[in-house]
Amino acid sequence: MIHWQVIFPLIIFLIIIFAIGFWANKQVRNSESFLQEYFLGGREMGGFLLAMTMMATYGSASSFIGGPGVSYNLGLGWVLLAMAQLPAGYFVLMILGKKFAIISRRYQAITLIDFLKKRYNSNIVVIISAFSIIVFLFASMTAQWVGGARLIESLTGLNYTVALLIFAVTVLVYVIIGGFRAVALTDALQGTIMIIGTVVLLIGTIIAGGGINHIMDALLNENPQMLSPFGSDGSLTPLYVSTFWILIGLGVIGLPQIAVRAMSYKDSKSLHRAILIGTIGIGTIMFGMHLIGVLARPVTPGIEIADKVMPTLTLEVLPPVLAGIVLAAPMAAIMSTVNALLMLVSSTVVKDVYLNFINPKATDSQIKARSFWVTTIIGLAVVLLSLNPPELLIMLNLFAFGGLESAFLWAVVFGLYWKKANKYGAISSMIVGLVLYIAIYQFSPNMWGMHSVTIPILASLVTFVVISLVTHYKSTLN
Amino acid sequence: MRDARFKIANREALIGVVLVIINFAIWFGFAYGLGSGDPTEYTMILGFPAWFFYSCIAGTIFMIILIWVAIKVFFKDVPFTDEEEDI
Numbered sequence: 001m002i003h004w005q006v007i008f009p010l011i012i013f014l015i016i017i018f019a020i021g022f023w024a025n026k027q028v029r030n031s032e033s034f035l036q037e038y039f040l041g042g043r044e045m046g047g048f049l050l051a052m053t054m055m056a057t058y059g060s061a062s063s064f065i066g067g068p069g070v071s072y073n074l075g076l077g078w079v080l081l082a083m084a085q086l087p088a089g090y091f092v093l094m095i096l097g098k099k100f101a102i103i104s105r106r107y108q109a110i111t112l113i114d115f116l117k118k119r120y121n122s123n124i125v126v127i128i129s130a131f132s133i134i135v136f137l138f139a140s141m142t143a144q145w146v147g148g149a150r151l152i153e154s155l156t157g158l159n160y161t162v163a164l165l166i167f168a169v170t171v172l173v174y175v176i177i178g179g180f181r182a183v184a185l186t187d188a189l190q191g192t193i194m195i196i197g198t199v200v201l202l203i204g205t206i207i208a209g210g211g212i213n214h215i216m217d218a219l220l221n222e223n224p225q226m227l228s229p230f231g232s233d234g235s236l237t238p239l240y241v242s243t244f245w246i247l248i249g250l251g252v253i254g255l256p257q258i259a260v261r262a263m264s265y266k267d268s269k270s271l272h273r274a275i276l277i278g279t280i281g282i283g284t285i286m287f288g289m290h291l292i293g294v295l296a297r298p299v300t301p302g303i304e305i306a307d308k309v310m311p312t313l314t315l316e317v318l319p320p321v322l323a324g325i326v327l328a329a330p331m332a333a334i335m336s337t338v339n340a341l342l343m344l345v346s347s348t349v350v351k352d353v354y355l356n357f358i359n360p361k362a363t364d365s366q367i368k369a370r371s372f373w374v375t376t377i378i379g380l381a382v383v384l385l386s387l388n389p390p391e392l393l394i395m396l397n398l399f400a401f402g403g404l405e406s407a408f409l410w411a412v413v414f415g416l417y418w419k420k421a422n423k424y425g426a427i428s429s430m431i432v433g434l435v436l437y438i439a440i441y442q443f444s445p446n447m448w449g450m451h452s453v454t455i456p457i458l459a460s461l462v463t464f465v466v467i468s469l470v471t472h473y474k475s476t477l478n
Numbered sequence: 001m002r003d004a005r006f007k008i009a010n011r012e013a014l015i016g017v018v019l020v021i022i023n024f025a026i027w028f029g030f031a032y033g034l035g036s037g038d039p040t041e042y043t044m045i046l047g048f049p050a051w052f053f054y055s056c057i058a059g060t061i062f063m064i065i066l067i068w069v070a071i072k073v074f075f076k077d078v079p080f081t082d083e084e085e086d087i
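Those sequence lines, one after another, are chains A and B. Okay, so the first sequence: first residue is 1 according to this note's numbering, each after it adds one. Okay, so the second sequence: first residue is 1 according to this note's numbering, each after it adds one.
Take these hints with a grain of salt, some might be off.
Stated by the list, open to error - In silico DSS-like pairs for lysine-lysine, Cα to Cα no more than 30 Å straight-line: (1) B:Lys76 to A:Lys420; (2) B:Lys7 to A:Lys420; (3) B:Lys72 to A:Lys269; (4) B:Lys76 to A:Lys266; (5) A:Lys118 to B:Lys7; (6) B:Lys7 to A:Lys474; (7) B:Lys7 to A:Lys269; (8) A:Lys118 to B:Lys72; (9) B:Lys7 to A:Lys419; (10) B:Lys72 to A:Lys266; (11) A:Lys308 to A:Lys118; (12) A:Lys269 to B:Lys76; (13) B:Lys7 to A:Lys266.
What the hints assert, rightly or not - Which bits of chain A does chain B cover? Going by a derived footprint, with three or more residues having C-beta under 8 Å, they are: (14) 83-91; (15) 206-215; (16) 245-252.
Honestly, the hints are just simulated from the structure, not real lab data. Cβ atoms here follow ideal geometry from the backbone N, Cα and C, with glycine treated the same way.
Extracted from the complex, chain B is given alone in its bound form (with noise of 0.2 Å):
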């Protein structure tokens, strides 16, 4: 009865919200775990404090690739008009 697009549906939102817990956690903790200190005796990595390096930079090329990750392992297709539903 239940349409079965639906579950999958369902599942991958899930996984959005999941992305953005992990997003907002490797954002927040890096910024404010590294960068609360003297901004003087920060260390630096490529130029860049290093708190900025890990929270803007390899935070966000890590939840590119977690992202594109997730789309691979998780994400299925399924047709999005009513008439193919027997598959």
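Isolated chain A, as found in the complex (with noise of 0.2 Å):
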């Protein structure tokens, strides 16, 4: 069933998206440096971009459509889990902070891999970071690619090679086009976006289920779980739930594409005010989407399928048109993650790969070329895996976000604000992690009732301030 005025405000955000990518395009054309403008929007983003983005980027299908369809099932405990990400809004930005921003503009980095190739001065370090980067992110933008076809099929009606052909034309179009400034700016609407569907369902499911208090009252009488910090099923021990805190709050210092956007902003008042407007935004997305989850239950009961109860719900208790808007919020989070992997996978293929090794004497005109063409072919390849997704991409994308996070954290952490940090630390601190994650994820998840990035990150952390202590320990003695 297709509800036009549903469908409306989804065509009008479209457009406008496109029309950002066409005015980001003007800029690109007029930079003096393309690098710079292409892949980092020129440094110029203020406070109110830094945080949409940041937000943006991090939000992403997990939070609008697998998150409340997991607090459906589990109740309030699983809104006290996703509450460990607030951190997310403010640590990042005030650990990497200043000093990186310093040090990429002294490095002139264009990309994390640049700041770690002139940090540690090896060239084993870009590798691994290349290839985890391409290799993860591929894996996870074909995920959320595969969601976005996936919720236009489920909306309209279409069928799903339909769904995703609109989905990967709109993205593709406007991030080849305008890169790391449109975007950013697209990230900005699509953040707004976010926040005001949350708003809205989030009163209009409260409205729906007669007041908080009737609806807590119908789930403390379905099952009184619903109600404690432990899950409905008593699953959520506070060792677990905790240990959530370095997966979604802290480590994500480490995932390369949240990185990349504390060295793009203009100065000291964008970062500040940036802190303040991004913890405010994941707060109330984080809390909002969760908390629907739950209230949700009383209010459209007997959904069988985590994934739809978002859906089903704004189509229940809010009008078309309203509907439409909110339904924005999950297409919006999908697109703003897609479009930051794509600029971050390209930028690591033509900044990192060809311009260090390939041909490092390129052209200002064959960098644009290569910039814009692999920008386009990894798009195509993502839209081609997406219409059959292989088994081995699943897998990768299940690693992604831990695994990044026990590769990056430390070389990034240590790399600003430890002078003895040296190359043969972070190689092996993150060969540790990645091989450790991947091993425990796929042999022992959950290991010691802590999520599988727990370990990992420590010996990570570890094996960094050993290695890097002994060989600094030798490289004084010679």
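With the hints as a guide, dock the two chains, each given alone in a separate frame, to form the complex.
In structure tokens, the structure reads:
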């Protein structure tokens, strides 16, 4: 069933996004430094843009579709867990903060790998980093792409292939022609829609459920554990939930698509504003969307497929036009994640692989042509793979978040704040982090009741410190 | 010799660490301190269980205010480019 009133706001949303892409393309063509403009938007982002692009990149399909589905089944305990994401709003920017901004300008770094390369002076670091970014983020891009297409499919009734093409064409056009500036500007629009959508749906759900008191009573009658911090089945232990602080709060510093944003803003004031706006934004979305999932239970009972909770609820409790705006939110979340990943993978291929190893003397026009082509080819490859995602890619996507954090977190943090950090420490900790994460995830997930990412992060920390100290001592002897 | 801006940056990073510790303490303390009993006997505040209200709602608002104050009081404006170092 197609509701045109629902589709209409979605179409307007897509048109505005196209317009932004074309406007940004003008800036790209007029810019003096193509690389810095195309991949970093000329380092000109203000506070609001920085906050929105951080938030929108971080908030993905799982915040709007997957997350509410889980809280529908587990109750308030899952909202508690989701609130571990609040530090992603301030901690990341405070830690990377001014130091990263100053040093990345000094090194003239365009990508996270640029920074690592100049800090550690090692090609092996570049190769491991580039490899993990390309492999993991390519996989997670495909997963988000599939999610976007499924969402359009379920809202419009179009078949999967057509839905995928609509989604792909929109994203590819504005990212390819507009670069990072288009990504950041559309992120601002998408982030705003995400916040407004969350608030509207939360209010609508509370009204439809007859007020908070009424909804809580209904939950209490169904299963009192829905109201406890331990989850409806008691599976959310304090230790398990606490270790999520590492995965979705603190470790976010190690995600390249987030870190690169911390080198693209204009000045200190932008940073200060972004910290505050970003924290409020992330707090609102994560709290709102996950609470909505819990409240949805008495309002629309008996939904079997968790991913359908949010769309079903929206169509049920809101008038059609409002529903259209709210349903643009998950779409915005998916797009704003995908566009950042596409940009990042493309910059890795062009700047870190092509310019580093293949053709260091490329002229400006060569770089320009390569950048457009690489972005296009990667985009099209993702579309092709999304038509029928291979098993391996689905598996790699599961590793992506924790894998990248395990690989990059300490290399970035120690690279900035510890003088004795050296390439031996960085290389060994990246390898230990990556291998251990994949091994634990595969063979013993949630080892000792902690999230799989915990042990690899701690192990790579120890490895980094020990190896750096040992090799530092040796190199001072010589 | 040492860049004075890095001293500021280091201090602000430390403030970030302190804020996260406070954030975690509020979140954990209220959730498991007040929420460990029998759900049918929870005290309710504004319709929510008290643990949830303090840990996820009041705690989040408190953190946002704290972050705002920290930025106003402790965070300094510094230039990012190297030419203007003599300030």
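Hints the structure fails to honour: Structure breaks hints 8 and 11.
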